[in-house]
Structures are given as C-alpha cells and as structure tokens.
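Student: Listed below, chain by chain, are the residues.
There are 2 protein chains.
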Amino acid sequence: MTTSYITQVLPRVLIVKRPAAMRVLGDSFVASTKFEIVKAFESPLPLPEFLADQSHPVSAIIAPVHVPVTADLIRLLPNLRLVVTTSTGVDHVDLVECRRRDISVANAGSSYSEDVADTAVGLLIDVFRRISAANRFVKQRLWPLKGDYPLGSKLGRKRIGIVGLGSIGSMVATRLEAFGCQISYSSRNRKPSVPYHYYTDVQEMAANSDALIICCELTDKTLHLINRDVFAALGKQGVIVNVARGAIVDEDELVRCLREGEIGGAGLDVFEDEPNVPKELFELDNVVLSPHCAYTSLEGLEQLGNVFGLEY
Amino acid sequence: MTTSYITQVLPRVLIVKRPAAMRVLGDSFVASTKFEIVKAFESPLPLPEFLADQSHPVSAIIAPVHVPVTADLIRLLPNLRLVVTTSTGVDHVDLVECRRRDISVANAGSSYSEDVADTAVGLLIDVFRRISAANRFVKQRLWPLKGDYPLGSKLGRKRIGIVGLGSIGSMVATRLEAFGCQISYSSRNRKPSVPYHYYTDVQEMAANSDALIICCELTDKTLHLINRDVFAALGKQGVIVNVARGAIVDEDELVRCLREGEIGGAGLDVFEDEPNVPKELFELDNVVLSPHCAYTSLEGLEQLGNVFGLEY
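So the protein sequences, as listed, match chains A and B.
Going by my numbering, the first sequence opens with residue 1, and the numbers climb by one from there.
Going by my numbering, the second sequence opens with residue 1, and the numbers climb by one from there.
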C-alpha cells in the first residue's frame, strides 16, 4: 500500500443499518482501505438529511435483507452505481428502478450456499426423524413416563423434489444423494449437465415426491408458487422444507394443511411476515421452525468479507 | 410349501416381552410358518414356570435390548442353540455364557445402520447449526422480542472423528463427506481399503477433531472409552455425538464438561441408565437429546422382519 493510494478519494460505500455481522465481528467487518465506508447508522440524522450532508456522493450501497432498496432510497443517491446485497436473494431491491438508472446489482454470491444447504438437510432429517420433538420429549422428562417414542421415517430412498436447482439446490442434492435419496428438480430451465429428473411443473413434481425443498429465488413468478394444489399433490405424508423466502409458499394454506393433516410436516427457516410466525405452528410436533438463520454461520460471515472485498 | 412341512414340529422361538415392532406392525411381526413363536408375554405365569410348562423345548430366543440374556435366563433354556438380538449391539447378552454353552449369537445385522447414521448426522447438524434450540426460540415467541438468533457453526471443513468404523460409522462417513467434512476414524484395526486418516488412540484423534461421533460396540474395552482425557483433548468447541451405547461415554464427566463449557455441545441418543437422563442436560441449549430412537424407523422395522426370516 502506497501513501498516494491513501490520499486519493476512495469510492464511498453507504451502510444504512448496522449489519448483523458487526455484532459478531465488530467494526473490522466494515473496515476497509479500498473504500470509504459511510455509516449512516452512526448518525442521529434521518437518512435524507444525513445524505444531503455528505460532501462526496455515495457510489455504492451495501443492502442487507432488512434494508429495502426502494425507488425512494435510490432517488436520494444520484451517483449510485452499485447495490451489493448481503443476501443471496435480491427481492428487497427495486430491480426495475435499478435497471432504469443503470445501477448494477450484485448479491452475496454463493457464500451462503453451503450453510443454507446444510440447514435444509438438517431440517429435513429433523422432520423425518423427529429430532427436535424427541429432544423436547426427553427434556420434558416424558421418556420414563411414556416409554417408546413414536418412530420416525427413513431418509433413504425418499423422493426429494428440489424447487430451484441453483447453487443452494445443487448442494442440497449432493448432500441428500449421500443418504440414498432420489433427487428430482424443477426450475425455469432444464440443466443439461445434471443427472436428476427434471419437472417443468412443480405440482407434477410434488405428486412424485416425499418432500419438497424450496431453494429458488422469490420473484413475481415464484410468489405463492407452493400453493393449495401443490400441497394436495404432495399428500398426507409429504414434507415441505423452505430455506428460500417465506412468500414462495402460500403460508395461510401451509398452516391449514399442517393443522388438518393434509401434509405430513414442515421445516421452515423463512416466513411471509418475519419475525412474525403463524402461532398455529407453535403447537405442532411435526413442524420445525428456525428464525431465518439458515443463511450463515460464524465461519460463513468471515467468508462474506472476502466477497465484499472489504479488508478485516 | 408342502403339507408334510406344516405337520412337522417347527423350531420353537421364544419371545419374552412384547417387541416394540409389534406395537407398530401388529401380530404380523411375529407370525411365521417356519418357526413356532412362543410368546411368553401373553402368559400370566412367571417366566420359569411358563418355560417349565412347555412340552417342546425352545431352541432360539429373540432378544431386544430390554431383555438381558443372562446366565440365569440361559439356564432356563437347556436346548437353546441361538440368540438373535433385535439390536445391532449384543452387550445385553452374556457372551461368555453363550460361548461356554456353544450357543450362537446373531444380531440385527446392518438393518439399522442407515437410520442410525442418518440420525447421527441429524444430531451433528442440529448441534452445530442449533436447530432444536432455534425451534424452541421461535416457538417460545422470542424472535420478535430478541431479534437476531445467535449464529451457529459451519459444517463444511469440520474435522470429524468417527469412533468405530463399522457399518454405521462408514455410513456416517459417506454422508459427512458430502458436506465437505474431513473424516478420520479410530478402531481396533486400521481398515486398508478406507481413505480416511486412522488413529490408534481416541484421545489423539479427539485432539485433531472438531467433533467425535461414537459408533462402536460397547465392550469391556470401550466402556468409558470417552473419558475426561478425551473431552480435554476435544476442547471447548468440540462436539460429541453418541448413537452407540451410553456407557461408552463417562456420562458424569460428560455432564460436567458440558455444564462447565469444557466441550462445546452434544447430541445424545443413548445414556448410561436409560430411560433416565441426567437432568442437568435438560437446561442446556447446546445439547440435543433423543430417547434411544436413532436405531429405526417405520420402514426400518419392516426391513427387520426380513433379517429374522419371519414372514409377515
């Protein structure tokens, strides 16, 4: 690093709210010698005043899921060239407005994929083998009183339909193959290099699957893609795992199907109105819930810094 | 099947207590045209009187884990030629007495291996990614109140030491390789065809592992094999998963290490004094407990019938 490099004006990167990663990794997460980090969250000013106050314009913004990059926000940033999400999904970014303004949008790449895939498999095993429910059974001291615990279901030879075979979906498939599961997938397009059975239609895949694992993006086309008809096709023993976005599933229908036994169980990391989870799910032993935490781990956050090119 | 076959005296197989499988599969589990099944559990008589009452002697016994085949029981069965356990482990059978009396002992083969391996991996993911604890967090409505859930740990690149690389241990290894884990193992002998690093000494393996998965038999040599020294070598972040037998682990030491943070967490399906579980474990979020139910599933029990050669 040369002195001249330090004295030049660095590209300015806006961070609106304190990132979750800072709570774990501290200030080092947003320390950089390549960019000037503009921390709006350290100012008491409302964002429009704060930005109006800046002498140099912001050229990039780091946008976690809980900071929607709306047309209103974009209007406050006339020199914005780049939006970088800290998530895999970009559904919280107004892509139409970005396209109109010729602003590039980059996501966190596949840095979360392993962790999400691991949790998806963990949730699937948990539901089939009833692990969280077993844990509760033992911790509530029911074993000496009630004796044998109800049997779970075998993972091997289960037909698993993966909705969206991107980076995460592919990693889920690799993992579940090692358990002897039969993998199929649905996606916008058939992937020629992939050995799994391809379905154009999710409902048809559901009819031929013991479980669906939702790994696709949330878009206009996938909003409530997993609906009443898909649940009916999946059937009474069928399991849903969702590690993508809550709104890909029609949550009201999901709750109804779970309560009425029209599907067999669910492992859900994401919900339509986070952090609010339908309370009807709290009493169901065949439902395992996690608070949108599949996406990363301590080690995963450290890797994320490399994607951003921030030094820490 | 010929008529003469039916009229001949069939070998008599004793079942002392109603098998768990009967509660699921009904009488069909013990229906057979090849053997005469002697159901001691249907008689009000104490076992010695019941057996003395039988006109034909018993030549085999089916022995679930909760029916110890002791020297006393064997003495009641002068014509016993064969003990068949419904478990993989045979530690509830007096092998010395069987050897002395030239009685063969057969176990359930590898019919449970897949289910046990699946649960071992499920418990490992659960502890590393904190799934059961996350489920409790959401179901106790803490997400809207407390916000971000503490991050778990990544599975990929974790160094996993498998204690006992038999049928179950090998299946655990195959599964965890698909998650990008680094596998090593300890066992009585090095297995020449296996690509994983071999340790003769469990403590040395623990010092080089992020988690140990106990998959070995319980014998005189493995009783309390996982002791204070092994926990110390494993270290503060280390995780123990036990799907074998409780007594392979020094449970008092395990409880102490978990309470005092000397190891990082545990996933336990088996305990020294089942169904009694140390109550100190009930409050620990980094401990996932299941009531010795890893071994099978609905589908697994059906396969078990084939191993026994019973028709149903």
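Honestly, the hints are just simulated from the structure, not real lab data.
Among the clues, some could well be false.
Identical chains blur together in the list; that is why a pair holds if it fits in one copy or across any two.
What the hints assert, rightly or not - BS3-like mimics (lysine-lysine), calculated; alpha carbons at most 30 Å apart, straight line:
1) LYS17 <-> LYS146
2) LYS221 <-> LYS39
3) LYS146 <-> LYS191
4) LYS39 <-> LYS146
5) LYS191 <-> LYS39
6) LYS139 <-> LYS279
7) LYS34 <-> LYS17
8) LYS17 <-> LYS139
9) LYS279 <-> LYS221
10) LYS279 <-> LYS236
11) LYS279 <-> LYS146
12) LYS221 <-> LYS191
13) LYS236 <-> LYS221
14) LYS146 <-> LYS236
15) LYS191 <-> LYS34
Student: When the structure is checked against the list of hints, which entries are broken? Sort them ascending.
Tutor: As far as the earlier hints go, 2, 3, 5 and 15 are violated by this structure, in ascending order.
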